[in-house]
Amino acid sequence: MSETGKRDSKKVRLFVHGHGIEFFPGKESRFEVEVAPKASVNEILDSLGVNRSLVMFVVSKGVRADRDYIPADGEEIMLVSPPSGG
Amino acid sequence: MSGLYGYSGNFLRVNLTTGEVKKTETPESLAREYLGGRGFVARILWDEVKPGTDPLSPDNRLVMAPGPLSGVFLPGSGKTEFGVKSPATGGYGDSNVGGHLAPEIKYAGYDAVIFEGTAAKPALVVIDDDSVEIRDAARYWGKGCIEAETMLKKDLGEDFQIVTIGPAGENLVKYAVISHDFGRQAGRTGVGAVMGSKNLKAIAVRGTKSLPLADPERVFEKGKQMYDVCFSKPGFKEWTPYGTAGVTDWINEIGSFPTKNFWTGYFEGHKNINGQALRDRIRITDKACFGCPIPCGKYSRAKTARGEVYVEGPEYETIGMMGGNLLVGSIEEVAYLNYVADELGIDTISGGNVLAFAMECFEKGIITEKDAGRSLPWGDLDAGVFLLEKIARREGIGDLLADGVRPASQKLGKGSEKFAIHVKGLELSAYEPRYAPAMMLAYMTADVGAHHNRAWAITYDVQVGRDSLEGKAKRVIELQHIRPLFDTLGLCRLQWVEIGFELSHYAELFPMVTGWDYSWDDLLRVSERIWNLTRAFSIREIEGFGRSHDYPPARFYEEPVPTGPSKGKCFTMEQLDDLLDDYYCLRGWDSNGIPTGSKLRELGLGYVAEALER
Chain R
1 MSETGKRDSK
11 KVRLFVHGHG
21 IEFFPGKESR
31 FEVEVAPKAS
41 VNEILDSLGV
51 NRSLVMFVVS
61 KGVRADRDYI
71 PADGEEIMLV
81 SPPSGG
Chain Y
87 MSGLYGYSGN
97 FLRVNLTTGE
107 VKKTETPESL
117 AREYLGGRGF
127 VARILWDEVK
137 PGTDPLSPDN
147 RLVMAPGPLS
157 GVFLPGSGKT
167 EFGVKSPATG
177 GYGDSNVGGH
187 LAPEIKYAGY
197 DAVIFEGTAA
207 KPALVVIDDD
217 SVEIRDAARY
227 WGKGCIEAET
237 MLKKDLGEDF
247 QIVTIGPAGE
257 NLVKYAVISH
267 DFGRQAGRTG
277 VGAVMGSKNL
287 KAIAVRGTKS
297 LPLADPERVF
307 EKGKQMYDVC
317 FSKPGFKEWT
327 PYGTAGVTDW
337 INEIGSFPTK
347 NFWTGYFEGH
357 KNINGQALRD
367 RIRITDKACF
377 GCPIPCGKYS
387 RAKTARGEVY
397 VEGPEYETIG
407 MMGGNLLVGS
417 IEEVAYLNYV
427 ADELGIDTIS
437 GGNVLAFAME
447 CFEKGIITEK
457 DAGRSLPWGD
467 LDAGVFLLEK
477 IARREGIGDL
487 LADGVRPASQ
497 KLGKGSEKFA
507 IHVKGLELSA
517 YEPRYAPAMM
527 LAYMTADVGA
537 HHNRAWAITY
547 DVQVGRDSLE
557 GKAKRVIELQ
567 HIRPLFDTLG
577 LCRLQWVEIG
587 FELSHYAELF
597 PMVTGWDYSW
607 DDLLRVSERI
617 WNLTRAFSIR
627 EIEGFGRSHD
637 YPPARFYEEP
647 VPTGPSKGKC
657 FTMEQLDDLL
667 DDYYCLRGWD
677 SNGIPTGSKL
687 RELGLGYVAE
697 ALER
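Chains as they are written, first to last, in our numbering: chain R, 1 to 86; chain Y, 87 to 700.
Just so you know, the hints here were simulated from the structure itself, not pulled from any lab data.
Among the hints, a few may not be true.
As the list claims (entries may be wrong) - List time: in silico SDA-like cross-link candidates among lysine to any residue, alpha-carbon distance up to 25 angstroms:
1. K108(Y) / L242(Y)
2. K10(R) / D46(R)
3. K27(R) / A593(Y)
4. K61(R) / V315(Y)
5. K27(R) / I563(Y)
6. K653(Y) / C671(Y)
7. K655(Y) / G49(R)
8. K685(Y) / H567(Y)
9. K310(Y) / K373(Y)
10. K560(Y) / I21(R)
11. K357(Y) / V59(R)
Sequences and hints are given; from them, build the entire structure.
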């Protein structure tokens, strides 16, 4: 908590989709991160050392979003990595 | 019965010259050392195609092989491998197809079908369990792939699985496909041309037998679990609606979308040909292969000024090669070209390259309107259709283009070799590689020529650094063992690549199916054995084969990318050599890219070492 009583971090649950999982810490598909309250998906990726471009798009509450999306505290978001062509 | 589990127990040999049909037991040693699918193809071609054989002669073989996991109850178990000595490259060639063919071959009782010789007149081979007939195919000859498949389904029955060639295969176009299931293709390396050279218009297969499994109950339980895992994957609902077309925007974002014959890596109009455009404007329904829970196929209806077509697709590769690479700017027009290529039996990857090459030659005055029979402006649907039809029938300019960009550029000269986009004679898939060293190396070293399915390494470039060469060779080799292993087992790799299905499931399942205590590392070892065998095949068949065959066209080391996120990026020859040096060293090959005798023997390929030493 900050001096003003506001939390100075938020928890976001990440659900990583596709083979891009291998580039995430621990190669886990579902895990939680604690980040700054206004952190966007891009900033979350930066904090994890994952290149932003490895997330093709974000899904929040069943709706597609881009990587500028700022998830709410406690939210679970899906990170979709790129597929190869066929 | 051979007593093998996971295998149907027989090889079927069809001699189209003599009409002889012969069934032999699947050799257990071959199954243990090469598993099936691509492994069987590689070993059979090595053993049976005499050195120096003309790929379009009766002496070449066309091998059709499912894998040990094909037809088993698990996600994506519907892949069949086709293999030949490639008329496109002169070296080893294979290509796989999904659909519903592989299980049918297995249920009919076969682990591999080998076609040899050439029929005196157009032939259809009908395999109905133990009954195998060579029938007259005159009434199907000249028909398009989908038209012929429709006719054959009507004539033989819906429960036959059909593969056909189109006019391109009949006319020996060196990038002709083998088509199946109304829009799926074994598309690469000219397998359709070899089928055409044998006067073999179509193969029909129906199987009603059961498949022996080492532990059927555990296979069933494991299979159910694998389906549950697939359905539970977070991307299942997000990826399926778009299929492979969903990656179009991302490839543009990273500046690797082939545009204007790989002149650049970013297409301004990509939003008009992406997965969303496909989904919103032309998709009718989704379409899956045998046993697949993630239907990536998109069946579409496209209306254009030329008329309306129904087509399966377009897949991402087609969007890249017949969209951005030709500057065709609407998903409807890409789908139209897809339809024309599918019906004629032309690979959309090589075909898209060839059309782009012709358009660039036209732009530069190397091909004139008089040469071509019309103008060939970028982005022109009519020009694209015109060229595809000319190529398929080898008419006019089409005869020159029907052999692929390498021979065409060698004949045209005038600097066109620099923008003939191929490696080893096989045209590139839809990833501009100048700002992706691992992807570049993957193209350079793929055993069949420049094909993405051996090692799709571009995400690795993005994550670890696109300017760095470090670690790229190691990564490419890892992928070159994992991805072709799917072709060996008879599986689709998209469950793994697209929705993150864990590889450990396959390792767990394999012993349950076969009764063999193989670990994942054991399976990868087989894959490495096959990789060295296919390299050796090309060394044996192509005079002077080695390092010089692993370089890309000059565009990639002389012309920096002019626009987009990859602007200014280009390889130097020194960088390409560094990549190859690392790669050869890690593989245990010499500096000319030749596997050493000790490496081959270590992999159980002593017979190959002896042949190469001779």
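Within a Cα-Cα threshold of 25 angstroms, do K27(R) and I563(Y) meet the stated pairing?
20 angstroms, holds
Taking 25 angstroms as the top limit, are the C-alpha atoms of K685(Y) and H567(Y) close enough?
16 angstroms, holds
Quickly compare the C-alpha distance for K653(Y) and C671(Y) to 25 angstroms and report which way the hint goes.
Violated, at about 31 angstroms.
Hinted pair K61(R) and V315(Y), Cα distance within 25 angstroms:
Between K61(R) and V315(Y) the Cα gap is close to 21 angstroms, so the pair holds against 25 angstroms.
Would the pair K310(Y) and K373(Y) pass a check requiring their Cα atoms to be no farther apart than 25 angstroms?
The given pair, whose Cα atoms are some 21 angstroms apart, holds under the 25 angstroms limit.
Run the distance test for K27(R) versus A593(Y): straight-line Cα separation, threshold 25 angstroms.
The given pair, whose Cα atoms are some 18 angstroms apart, holds under the 25 angstroms limit.
For the pair supplied as a hint, K655(Y) and G49(R), is the alpha-carbon distance within the 25 angstroms limit?
Distance of about 24 angstroms is within 25 angstroms: holds.
With a cut-off of 25 angstroms on the C-alpha distance, tell me whether K10(R) and D46(R) pass.
16 angstroms, holds
25 angstroms limit on alpha-carbon distance, applied to hinted pair K357(Y) and V59(R)
19 angstroms, holds
Against the 25 angstroms threshold, does the CA-CA distance of K560(Y) and I21(R) hold or violate the hint?
19 angstroms, holds
Straight-line alpha-carbon gap K108(Y) to L242(Y), limit 25 angstroms:
Holds - the C-alpha atoms of L242(Y) and K108(Y) are around 23 angstroms apart, at most 25 angstroms.
Comparing the model with each numbered hint stated earlier shows that hint 6 is the single one that does not hold.
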